[in-house]
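If you're matching them up, the sequences are chains W and E in order.
For the first sequence, the numbering used here assigns the number 5 to the initial residue and increments by one for each residue that follows.
For the second sequence, the numbering used here assigns the number 140 to the initial residue and increments by one for each residue that follows.
Rather than coming from a laboratory, the hints here were simulated on the basis of the structure.
All C-beta atoms, glycine included, are put in the ideal place defined by N, C-alpha and C.
Be careful, since some hints might not be right.
To be verified - Covered by chain E, per the in silico footprint, the following chain W stretches (three or more residues, Cβ under 8 Å): (1) 287-297; (2) 331-339; (3) 349-361; (4) 373-383; (5) 552-561.
Claimed, not checked - Computed cross-link-like contacts, EDC-like style, restricted to lysine to aspartate or glutamate with a CA-CA straight-line distance of at most 16 Å: (6) W:K176 with W:D158; (7) W:K345 with W:D629; (8) W:K574 with E:D644; (9) W:K310 with E:E328; (10) E:K275 with E:E328; (11) W:K633 with W:D158; (12) W:K574 with E:D646; (13) E:K196 with E:D185; (14) W:K574 with E:D647; (15) E:K377 with W:D158.
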Amino acid sequence: MNYSKSLILFAAAVLVCACTKAGSGSDFSGGAAAKVSIESLAGSAATKTVLSGNSLSWEESDCFGLGNGTTLYKYINVSADSFSPEKAVRKADTYYTYYPYDRILSYSSSSFTVEIPARQSYREGSFGAGELPMAGSTKDITSIGFKHIMCVFDVTINTRTQFKNIRQIRLKSNKPLAGTATVNAIDCSVSFSQETNEIVIDTPDVFVSPEAGARFMIVVPPETHTLTLTAVSDNGSTLTAKYKNLPLKRSTIYSVNVNKDFVAADQDATVNERLILLNEGNWQSNNGMVSFIENGTITNGWFRAKNPGMNIGDTPEDVLLVRDDLVAISVNWSNIIQYIKPTGEAVAQTEDIPNCRAMCIDGEGYLYITSYAHETALGENYNHGYVAKVDLGSYKVVATCEVGYEPEGVAYYDGRLYVANTGGYSFSEDHGFENSISVVNASTMKKIKDVGIVNPASGEAVINLYGEMSQCGPFLCINSPGNYGSTPPATIIFDCSDDTYTVYDFPCTYNTVTMDDKFLAVGSSFSYDTNEYTYSLKTIDPAEGIVYNGYRLPSGTFSKDAATVFSQMKNPYCVYQNPYTGHLYMCDARSYVQSGIVYEFDARGDKINQMNCYINPGHMAALPDRCFKNQ
Amino acid sequence: MLQSVLPAADTIEQASVTARRNEVIVPRQAIAGEQLQALSTSSVADALKFFSGVQIKDYGGLGGQKTINVRSLGTQHTGVYIDGIRITNCQNGTVDLGKYSLANMESVELFNANKVSPLMTASEYASASTVYFTTKRPEKTALKAIVSAGSFKTVRAQLHGSYKKSFFGDVELMHSCGNYPFSYHSAWEDTTGIRRNSDVTFFRAEGGYFNDKIRSHIYLYSSERGLPGGVVRRLSDKFGDVGREADVNTFAQFSYSDSWGRHQLKYNARYAFDYLHANARFLENQFVHYENRYRQQDLYNGLVYTYSGPHLSLAFSPDLRLSDLSCDVYGMQYVLRTDFKAVASASYNTGGLKASASLLFTDIKDHSKMTTADRMRRLTPAAHLSYSFSRLTLRAFYKTIFRAPTLNDLYYTQVGRRDLKPEYTEQFNLGLSYNIPNLQLQLDAYHNEVWDKIVCIPQGASYNWRMLNYGYVTTNGVDLSARGRYKEFSLLVSGTLQDVRDLSDPDDPLSYRHEFLYSPKLSASAILTWTHRRFTASISHMYCSRRYWTYVEEDQLAAYHCTDAKIQYALKKYLTLSLECNDIFDIRYEVVQRWPLPGRRFALTAVLNI
């Protein structure tokens with residue numbers, strides 16, 4: 005029924021637009037103006053239509069209407085049982101009609117038959133209730149020139165990954181399109197250029213996404229056309245579809261589906277899936293491996309293929325796009341920050357940060373890296389772990405700041421670094437777990453404070469802030485595995501704007517930011533009931549403080565494929581959403597000594613690919629198209 | 140029959156006469172006497188690698204840990220016994236064979252399943268395979284001094300004295316700098332380096348008293364060594380995962396046996412104290428800083444009574460072991476383990492038929508201020524059957540045994556799990572043995588299963604590991620060993636053909652039925668010894684086919700050949716010189732991926748008999 009719903013929205017959009025000046029009481033004639041207005045249409049499928057004065061409320065499903073500016077003559081509810089077409093169709097003034105706009109010979113709850121009168125050829129057709137075709141005109145019916153309105157070019161647009169509002173539709177043909185008539189698909193201002201054979205329809209912002217498509221119907225003369233359809237989004241990006249030699253026949257509806265993404269007018273739009281995947285390999289086996297994923301194809305051993313004589317090293321731990329032309333990889337057991345181009349060639353290395361862990365950038369040319377070690381490149385010898393600041397111009401450590409024991413995740417927000425301390429990974433250093441987030445002034449590299457995390461419900465410290473840390477605006481998603489015993493795991497949602505936080509009683513061992521500013525978290529915890537590790541998949545809305553079970557899509561529905569795949573995974577090891585395209589990746593490490601599996605889901609949450617990677621696929625970074633524009 | 144073809148193994152020949160008829164019932168391999176001394180080896184691990192079905196896991200260098208894996212059952216399923224009493228390590232369950240020198244050994248034997256002979260204590264039944272080291276008994280009053288020097292600045296001095304057939308005393312001091320070269324060359328790597336922090340120094344002192352009924356032995360071993368990590372990509376030597384280890388291993392053991400007619404009795408006792416100081420607190424080590432001390436004690440008492448009838452023998456043995464571990468690992472506390480075992484066995488002997496069955500009861504309980512694992516009580520059976528006609532013996536055995544989770548498995552901070560189940564093995568063996576003078580052949584086919592394997596797997600990311608019962612592995616294999624003697628030559632050939640499969644996860648096409656890790660399909664070795672007057676030469680060769688080290692197709696260690704040689708010449712009656720060379724062709728193979736072995740090395744030794 006999605007389709008039927010989108011149709012109603014479509015009809016609603018037509019009327020909303022037609023009635024934008026509803027309160028003014030101006031004439032309904034002249035195209036865009038209307039005296040009727042529509043209320044109570046916000047997104048929901050209406051069930052009944054009430055006409056009262058200038059106010060028109062649509063509440064029926066599967067309706068369309070006919071009006072002439074002052075009166076809405078009739079609406080058709082295909083599930084109702086009385087309608088007289090003679091009363092509806094009248095030559096007068098300006099009509100707004102919705103195809104089929106003339107004689108309905110018969111109808112039932114699911115179909116009706118239309119007669120096209122006057123100089124048109126007779127046509128009989130059958131339309132399902134859920135597929136009411138629509139077309140409208142802004143001119144007097146008599147001047148439309150029925151002889152030209154013989155075919156309806158019916159386009160449904162779905163994006164692959166994006167969420168867009170369409171501002172304009174352009175249809176260009178190699179043949180005359182509509183003679184003297186201007187034909188409009190939905191509403192609003194329509195212009196037609198006889199010279200270029202192009203119809204330009206300025207729409208209200210019509211929403212399209214992978215889940216919610218938009219449908220446009222344009223009445224065109226029956227001919228063999230070569231058509232170019234262009235949709236323009238509100239940020240200027242465009243989507244183009246070309247149709248060569250389309251035999252558009254009289255009295256038919258020619259339907260096409262477009263399923264592609266808007267191409268960037270701006271630099272940021274990304275239509276290619278390109279990601280770097282770090283396979284950690286096995287500890288002390290020097291078999292870390294960098295894979296490259298490009299539009300559903302994985303290249304394992306990418307780094308070493310691009311750099312003959314080199315391998316990435318032992319246990320790569322984090323990967324980050326630091327500039328459009330530079331990627332940093334933190335190779336933990338090799339003590340190396342490896343810099344590569346987005347195309348894979350090694351650029352430089354920084355050695356001076358032993359036991360390097362997670363990274364973040366400040367957008368001002370500096371890279372920050374957490375380290376479990378005590379000795380720094382600048383000669384300090386700390387008791388605790390530290391954060392190193394690297395100048396991406398020289399690849400040198402320029403400053404360090406001591407934080408807590410064994411610091412893990414790091415994020416930058418508004419001039420400050422937020423560092424999650426663990427304290428759990430050096431048994432014989434005589435200290436227990438940390439429960440703090442260190443806040444560091446990024447420019448001076450001085451610690452501002454430690455924020456101790458306490459569960460307000462239990463009053464107990466939330467310890468060992470170990471694991472992936474995602475950032476979404478001011479919000480951080482931080483995992484606490486507890487002490488693997490009496491202290492249970494937890495998730496912390498930390499608000500960097502005021503250093504407040506919320507504690508949830510589930511782990512978020514692996515987490516990522518979604519396209520609609522939520523966190524998607526995979527938690528692993530040991531169940532003493534089943535004696536097994538159990539995994540949870542949750543979507544956390546940090547702004548609203550709502551937690552959903554499963555992978556919640558921006559449309560509000562949940563991805564069934566993600567749930568299915570997740571339940572079949574053996575040892576989830578990474579979850580990552582491409583911030584440029586909305587594709588989701590989940591990695592399964594299987595038994596830790598074999599090829600892992602990468603699952604790819606499109607922005608609709610449908611599984612579209614499954615790729616074999618290398619051992620322990622743990623970290624990903626997407627590369628937008630702009631990184632490759634000069635390649 | 141087996142010993143009779145051993146070159147110059149006359150001394151154990153006599154000692155084993157009673158055992159000999161029974162021993163052919165079970166697959167047994169041995170190297171003893173002069174052949175053992177003729178081998179170019181430094182530790183017992185180097186001798187064991189010539190047995191069929193054996194893999195030695197070797198982390199490289201003289202100081203690197205060396206453990207034995209028999210028929211792919213796993214390291215902790217092999218029991219290692221000195222003079223019949225088991226060496227234990229309640230902390231991690233593994234015995235580092237690198238710490239036991241061949242210098243003072245009379246023989247090294249391997250039994251699949253367990254030895255079958257009278258007077259076996261319960262703990263001798265408690266492992267899936269058993270390795271016996273037999274200490275040289277004193278023969279006469281003598282004093283011997285040995286000095287040796289070799290590659291990588293290795294020096295060794297030993298003094299051995301004996302008094303009549305009663306006492307012996309032995310001290311040895313060894314130091315090796317390590318620092319050997321290694322290299323890796325591939326499409327994505329060009330590494331040459333020196334293996335640093337691989338030095339080792341040890342001191343060993345032992346002594347014993349023997350008579351007809353008593354064997355006693357005291358032992359002290361103390362070492363200090365470097366623990367180099369796996370060779371991984373580094374930009375310089377500025378930082379490293381430096382670790383060092385100092386240890387003291389001591390034991391005193393006593394064995395008394397006697398017989399009255401058809402009744403035999405044996406009593407074994409042992410006390411061991413082991414100290415380990417593991418230290419990684421070095422400035423250049425910026426990874427995991429630790430400095431821990433572990434102390435283990437082991438007090439063992441075992442009694443065995445056997446009734447030997449004309450056809451039927453019955454034996455019963457209870458034994459009790461108290462082991463404790465104290466250490467300063469954060470969050471870990473003192474644990475005492477009581478391990479009570481009892482075995483009842485019966486064997487029946489008529490004509491060429493021999494049958495033997497045993498049932499072992501194990502009861503393990505831990506005591507600590509920490510929450511301990513549940514008490515574990517298990518019954519496990521074993522059965523052997525053989526039939527001999529003339530020179531041919533057909534034999535079969537079945538055995539089920541488990542290894543209990545070690546104290547580390549259960550209690551190590553964060554990693555350990557209290558609810559681990561024991562790891563079980565089941566073995567089926569069908570074989571034959573053919574003996575004629577100067578030739579002995581053994582051929583055995585076997586099927587093994589190991590399930591509920593106790594493994595440590597990462598949970599989360601690389602720093603977060605936990606123990607788990609996971610895995611199911613089966614092995615089908617054939618072991619062949621042959622030894623022969625012709626005039627001045629003796630030859631030992633062994634080979635193993637095996638197929639080891641991982642059946643852990645039927646839902647996973649990538650690993651299910653995949654060749655198990657570090658399990659070569661074929662391994663083979665040969666030792667040829669030539670003795671001519673005052674001259675002895677030995678050349679040994681071993682081959683090992685490729686092994687997977689992960690389940691990814693490209694992750695395979697190459698097949699390798701390794702050849703060792705040793706020549707000895709008795710210059711004077713009181714002076715013998717020997718020159719040995721290991722890995723003659725400088726293959727520098729790896730047993731464990733990224734832990735390179737030292738490659739070609741020489742040693743020159745002088746033995747002075749006073």
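Hint check:
1. Given as covered by chain E, the segment 287-297 of chain W passes the check, having 5 residues with a CB less than 8 Å from a CB of that chain where 3 are the minimum.
2. Given as covered by chain E, the segment 331-339 of chain W passes the check, having 5 residues with a CB less than 8 Å from a CB of that chain where 3 are the minimum.
3. Coverage of the segment 349-361 of chain W by chain E holds. Counting CB-CB distances below 8 Å, 4 residues qualify, and the rule asks for three or more.
4. Restraint check on the segment 373-383 of chain W versus chain E: 5 residues with Cβ-Cβ distances below 8 Å, three needed, restraint holds.
5. For the segment 552-561 of chain W, the assignment as covered by chain E is violated, since 0 residues bring a beta-carbon within under 8 Å of that chain's beta-carbons and 3 are needed.
6. Note on K176 of chain W and D158 of chain W: the hinted pairing holds, with a Cα-Cα distance of about 14 Å set against a maximum of 16 Å.
7. A hinted pair counts as satisfied when its Cα atoms are at most 16 Å apart, and K345 of chain W with D629 of chain W qualifies at roughly 14 Å.
8. Between K574 of chain W and D644 of chain E, the direct Cα distance comes to roughly 10 Å. Compliance with the 16 Å bound is thereby established for this hinted pair.
9. Taking the CA atoms of K310 of chain W and E328 of chain E, the gap is about 13 Å. The hint holds against a cut of 16 Å.
10. For the suggested pair K275 of chain E and E328 of chain E, the alpha carbons sit about 48 Å apart, so the restraint of at most 16 Å is broken.
11. For the proposed pair K633 of chain W and D158 of chain W, the alpha carbon gap of about 34 Å is over 16 Å, so the pair is violated.
12. For the proposed pair K574 of chain W and D646 of chain E, the alpha carbon gap of about 10 Å is at most 16 Å, so the pair holds.
13. For the given pair, K196 of chain E sits about 11 Å from D185 of chain E by alpha-carbon distance, which is consistent with the 16 Å threshold.
14. For the suggested pair K574 of chain W and D647 of chain E, the alpha carbons sit about 9 Å apart, so the restraint of at most 16 Å is met.
15. Restraint check for K377 of chain E and D158 of chain W: the C-alpha separation of about 69 Å exceeds 16 Å, so the hint is violated.
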